[in-house]
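**Q** As a plain string of letters, each chain reads:
There are 2 protein chains.
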Amino acid sequence: MTHPAPSFEQLQRYEPLALRQSIAAGAYQGHTSGLGQGRVQANIVILPLDWANEFLRYCTLNRQACPVLDVTAPGDPFFRNLGTAIDIRHDVPRYRVYRHGELSEEPLDIGHLWQDDMVAFAIGCSFSFEQPLLEAGIRLRHIELGRNVAMFRTDIDTRPTSRLSGKLVVSMRPMKAAAAIQAIQITSRMPDVHGAPVHIGDPSLIGIHALDAPDFGDAVPVAADEIPVFWACGVTPQAVIQASRPPLCITHAPGCMLVTDLWNSAL
Amino acid sequence: MTHPAPSFEQLQRYEPLALRQSIAAGAYQGHTSGLGQGRVQANIVILPLDWANEFLRYCTLNRQACPVLDVTAPGDPFFRNLGTAIDIRHDVPRYRVYRHGELSEEPLDIGHLWQDDMVAFAIGCSFSFEQPLLEAGIRLRHIELGRNVAMFRTDIDTRPTSRLSGKLVVSMRPMKAAAAIQAIQITSRMPDVHGAPVHIGDPSLIGIHALDAPDFGDAVPVAADEIPVFWACGVTPQAVIQASRPPLCITHAPGCMLVTDLWNSAL
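Top line first, the protein sequences correspond to chains A and B. Each step along the first sequence adds one to the number in the working numbering, with nothing skipped, and position 139 is 139. Each step along the second sequence adds one to the number in the working numbering, with nothing skipped, and position 110 is 110.
So that you can see chain A by itself, here it is in the shape it has in the complex (with noise of 0.2 Å):
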């Protein structure tokens, strides 16, 4: 690169395409949490077309965990629903590459990976629905800690596919029972990011039984006058493949995500 990379402060008041151009240019290989001002950051999964049929029926059968935003045609890099030339084989931070279930490499680029049957998925992230809980006023402990979101394996069925099973993974957000009212208000309009929740309360009913043990990202305590709230995660759609161990496999790396250029407040 002839220029300084940009930091994390001018990343910030990029608007996405030009994120992603600095992405693509290798400028930027971190976390996209605070970035693309307020549009939609989705998951990404990559799959050889066998894979990605199956995988699409998956999803439309486990909406709520799988919100499936835009689907590419078989060998097609771009997304065309979601933004200008976001072209997936670059436009990523980092990426995870796993090969019969096993995690191989953490590439930054997949250009020499890509194949002529690949087909790319984005799916819907709790990104979005943190937004409008923010603006509400509702507090959201694991941000106001640092941490990451606590997920859990709980001891819910998805819905199954010939080779795609799995149990149900949940995002938790401690909440007084007002805020919790609230939040299932607003998610529920937002059934393109996981929508309403599939629990409150007592976690043991979900096959949940430590809550200071998250299977999946960190632990974020609970007061005694606020009640968990769990929300279908999309871990739910990565843990389910690597479970069935496709050939090869390409997601984003955890919170290295895709910036495309809708806006929350439109799904």
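Careful, some of the hints might be misleading.
Said to hold, decoys possible - Now the stretches of chain A that chain B is said to cover, found in silico as 3 or more residues with beta-carbon under 8 Å:
id : stretch
1  : 57-63
2  : 72-81
What the hints assert, rightly or not - Partial pick of chain A residues on the chain B-facing surface, computed with a CB cut under 8 Å:
id : residue
3  : Asn53
4  : Val68
5  : Thr161
6  : Ser162
Claimed, not checked - Label-pair restraints from in silico Cβ distances:
id : chain 1 : residue 1 : chain 2 : residue 2 : range
7  : B       : Ala136    : A       : Arg139    : 29 to 37 Å
8  : A       : Ala178    : B       : Gly201    : 32 to 40 Å
9  : A       : Ile181    : B       : Ala219    : 40 to 48 Å
It should be emphasised that the hints constitute simulated quantities derived from the structure, not laboratory data. None of these values were measured; they are calculated from a predicted model. Ideal Cβ positions, reconstructed from N, Cα and C, are used throughout, including at glycine.
The hints should help you fit chain B onto chain A, whose structure is shown.
**A** Structure of chain B alone, referenced to chain A:
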């Protein structure tokens, strides 16, 4: 049959499973409007796997027009997520078979046409949102006049896949302003059955030039103090598929829907 066929009044009292069993036994071959005790009725599309995979991408990209309620595994004739023992080969009163885009037959059963690479789609239908509109006191003129809803081709492009593309088809219901506002509120909460309207007011803005000459269904008059309200319509996918002329496509016959076990009020 050893028993006389049930009357329409008898059928109206049947629970969905009993209704489907009567239909599968050949005891009823008519439309399903008013049957099924308030349960969700679905549009049906059946395609061979190659086309089905592309059609699911098309539906995902055009969810307002094509909300998929369930999709079967390839070769599996049962909708596993819509109720008890729903066999799509027998449980619709009347089917339509299209070969290379042309209507070829209208059978009462498709057991003889089923292939082990076929996939069946159940797609949400505006019957489901008309019930909560009526329950909210909104008058629906086409129902009061005993007519089919008026449907129009628009100049709005749907999002294409490689072989599936075409204009959005909408249904129109005339309403006074206050009812239109309320209808927008109610249907916004039902994304699985077309969701909020796509347009209100001047039909020429979406390429409709004669409200008294619908492309599908019946003409429905609009009074001087009323606004036409337009919703994305499940006829869209059928029109798009026929235009692309797959070798074989099976649908329900107009008005002869699949009655599921799901409650409309749960959508």
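**Q** Run every hint past the structure and note whether it holds.
**A** Checked hints:
Coverage of a stretch by a chain is defined here by at least three residues with a beta carbon nearer than 8 Å to that chain's beta carbons; for the stretch 57-63 of chain A and chain B the count is 4, and the condition holds. With 3 residues bearing a CB less than 8 Å from a CB of chain B, the stretch 72-81 of chain A meets the requirement of three and the coverage assertion stands. Hint status for Asn53(A) relative to chain B: holds, with the closest Cβ pair at about 4 Å, below 8 Å. Hint status for Val68(A): holds, given a least beta-carbon distance of 5 Å to chain B, under 8 Å.
The beta carbon of Thr161(A) comes within 6 Å of a beta carbon in chain B, closer than 8 Å, and the hint placing it at the interface holds. Checking Ser162(A) against chain B: minimum C-beta separation of about 6 Å stays under 8 Å; hint holds. Ala136(B) and Arg139(A) have their C-beta atoms about 35 Å apart, which keeps the hinted 29 to 37 Å range intact. For the pair Ala178(A) and Gly201(B), the beta carbons lie near 39 Å from each other, so the given range of 32 to 40 Å is met.
For the pair Ile181(A) and Ala219(B), the beta carbons lie near 46 Å from each other, so the given range of 40 to 48 Å is met.
Of the numbered hints stated above, none is contradicted by the structure.
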